[in-house]
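Build the full structure now, drawing on both the sequences and the hints.
Chains as they are written, first to last, in the working numbering: chain A, 1 to 102; chain B, 1 to 375; chain C, 1 to 346.
Treat the hints with caution; some may be incorrect.
Unchecked claim - Below, computed lysine-lysine pairings styled on DSSO-like, alpha-carbon distance capped at 30 Å:
1. A/K8 <-> C/K256
2. C/K128 <-> B/K2
3. A/K57 <-> B/K244
4. B/K108 <-> C/K69
5. A/K57 <-> B/K250
6. A/K57 <-> B/K133
7. C/K69 <-> B/K133
8. A/K30 <-> C/K69
9. B/K2 <-> A/K30
10. B/K125 <-> A/K30
11. B/K125 <-> A/K8
12. A/K8 <-> B/K250
13. B/K289 <-> A/K57
14. A/K8 <-> B/K2
15. B/K2 <-> A/K57
Worth flagging that the hints you see were computed from the coordinates, not collected in a lab.
Note that the structure is a prediction, hence the values are computed from the model and not measured.
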Amino acid sequence: MCLAIPGKIVELDAENANLALVDVVGVRRKVDLGLLQDAPPVPGDWVLIHVGFAMSKISEADAADQMRTLTMLGETAAAMEEVRGYGLEEDPPEDYGKGWKQ
Amino acid sequence: MKYVDEFRSPELISKAGEEIRKLADPKQHYRIMEVCGGHTHAIYRFGLKDLLPENVELIHGPGCPVCVLPMGRIDDGLALAAEPNFIFAAFGDMMRVPGTHGSPLEYKARGMDVRIVYSPSDALKLARNNPEKHVMFFAIGFETTAPSTALTLVRAKAEGLRNFSVFCNHVTIIPAIRAILDSPDMRLDGFVGPGHVSTVIGCRPYDWIAKDEGKPVVVSGFEPLDILQSIVMLLRQLRNGEAKVENQYKRVVPWEGNSAALRAMAEVFELRPYFEWRGLGFISQSALKIRASYAEWDSEQRFIVPGVRVTDPKAAQCGEVLKGVLKPAQCKLFGRECTPEQPVGALMVSSEGSCAAYYNYEHRKPVTIASSMAV
Amino acid sequence: MATPAAKIRFREPQIEMAHGAGGKASRRLVEGLFAPLLFGASPGPLGDAAHIQINGTRIAMTTDSFVVKPLRFPGGSIGELAINGTVNDLAVSGARAEAIVVTFVLEAGLPTEILEAEVRAMGEAAEKAGVRIAGGDTKVVEHGAADKMYISTTGIGRLLTGVEISPQSVQNGDKVLLSGPIGDHGITILLARGDLDLEADLRSDTRSVFPLVDKLVQAAGAGVRWMRDPTRGGVATSLNELARDCGHGIVLFEEKIPIRDSVRGACELLGLDPLHIANEGQFLAIVSSEHAERALETLRATPGGEEAALIGEVREQPASCVLVTALYGGSRIVDMLVGDPLPRIC
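Here you go:
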């Protein structure tokens, strides 16, 4: 139930608005956009593909956000340690807590 | 591959592994269930258990739509398609699942026209291209896949394509989770929630698990970093004594789900009063059937279904493994009478069945590998 | 010698497609039925080619058959597969192919132009590979009894000096070399069949690997312990067979395995493991650690070997298994293929 892969919309089908050609690192297939008809994707958008249907649009912003959170794992704790060492708890660094955003 | 490779970054995976080790209280033993078979497969395929401390245990849940399909339904589907002008179309996952008299591939060897399709729309295309044949699509899957079947039926009806029908075995995930939590032998601390099912149903359907059962749920993606981050989030909740639903897979899962997909499902499907789940018994309101308005395209309303009930061999402990009560290797038949080549139960055939995943990827790993590979 | 009383260990009532897929089922058929009846009580490990002594000269001999659908695909056709496949079987057993004889089983009704195209392709492939087509046979069967055409070949070759291929010579610490990217052929065929509606800019990698083998043997000589061309069943099946035969473990480094983006994309989309996909223009070599670096450099410096890579090593554990490790520390066992690789959606 779970194999779904990100792909990029290359072009919409000329005859059928529900179909689009999607590319996954050079492999191309016509994908049905019917499940995204409330907010149809356009060429350049990335979608999640499952059994030949687009299930969801992929949010670049949320992906980047997640990457930031993961990159900061462990660093916020280290920052806290350092801060405690200097006795500066009342004035945390400017970007303190950013890594905790869920 | 964009949106894939970033979530397999070795450096970030190490960090996440470290964070898990820091968060896991050495005095506790955490039991976390991943519901979805796709997660089970990913955990073994990426060797993620090698990265977890001893006291964080992953329990495999029943979210494998092939595994929970009773053998009788496979027999029924194959019996329906036994007519000379029928084409039996199904996903690759179904092809080796044993029915009483053989699997679809074995039926193919004996002359049945059996085709593997990647999409239900490919099955519809087969019907268009073979007007003198009847194409029966054996549909399986949870809510991830059901909308695609639904939309395909909508299209079939709109086209008036009569030589196409669906034998529907779609099941829903919430009743399965309820059955797990109702099980007396189960002690679980939290859930890794099914990310792709949630693209359709959203995150609200899991509220009761947090509110009523007091267990945290983190809806998770399928790349190594997704699963590890979800475990981090679960451990944080557990350490803070919290129990809420969180969405780790934000880049793809909308909190409210996909309304177009839900509408398509509502148009075509209704809930069966009850359905038999292999290993879990009869569960009410847990499976989908095709509405009367689409009767022409429902194999069960159009043709006579034998309605075979086949009980699993007593020795096979599929039910307990499905519920996570037993680990695959604890089933008496595992690796002996039951292997991927001669599977007794569907857990060994389906690539995301916990028995197959464990057998294929893990059980011959030497115990020392984990320590030698530690980053 | 096999006696009339030799018993078969193959218990299955009928032959299935899986028995021809090159994985576990094929092995059961060969070891359980063919071997006891044809090769006597202890046949030894089954290799790609047989070694025969005639009046002191060591000759390698191999046979193979080619059944592929569709007959023509991007990068080649059944004719080229037949020639290159035979040349490669001889090459990886350490021999230079000298001559091939060919049998055609043709379906009545086959258009002549299709046959002509394949025979031309075979002639060209043979010339390119430097091997002589010495003769052949033809049979025609009724319409429906053969999928247009089946080709069977038998090739003989002269063993190269200084190389002794055997699984028994494989030792802990030896390195696993691969000549180039995996999966091109199998995925090309899968896409060419058209059932999955996928398109990609991919071609079969069919070619003779002898020039590369030749250079490898010159560079590493007795340091080359074992070679195989990973056709049906892929790299995983070939290495599992070796692991079983030599008793050691083989550890592969996932990040080192060369694979084209589009092959990877198709595998991810369909839920296939690239290690199980057929290759028709690559080979694996187990080389002693002293020779490995030089061997790799030599391959990379040879035309056609630019993407060669060191993808793993032989270790004591996990015994008789193949383990794939990832950079971040996770690992998984990879087994022989059970049947044909099937796309999955779960």
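To see whether the hints hold, each was checked on the structure:
no. : hint             : in the structure
1   : A/K8 <-> C/K256  : holds (27 Å)
2   : C/K128 <-> B/K2  : violated (40 Å)
3   : A/K57 <-> B/K244 : holds (25 Å)
4   : B/K108 <-> C/K69 : holds (17 Å)
5   : A/K57 <-> B/K250 : holds (11 Å)
6   : A/K57 <-> B/K133 : violated (37 Å)
7   : C/K69 <-> B/K133 : holds (23 Å)
8   : A/K30 <-> C/K69  : holds (23 Å)
9   : B/K2 <-> A/K30   : holds (19 Å)
10  : B/K125 <-> A/K30 : holds (13 Å)
11  : B/K125 <-> A/K8  : holds (24 Å)
12  : A/K8 <-> B/K250  : holds (18 Å)
13  : B/K289 <-> A/K57 : holds (28 Å)
14  : A/K8 <-> B/K2    : holds (9 Å)
15  : B/K2 <-> A/K57   : holds (14 Å)
Hint compliance for this structure: hints 2 and 6 are not met, and every other hint is.
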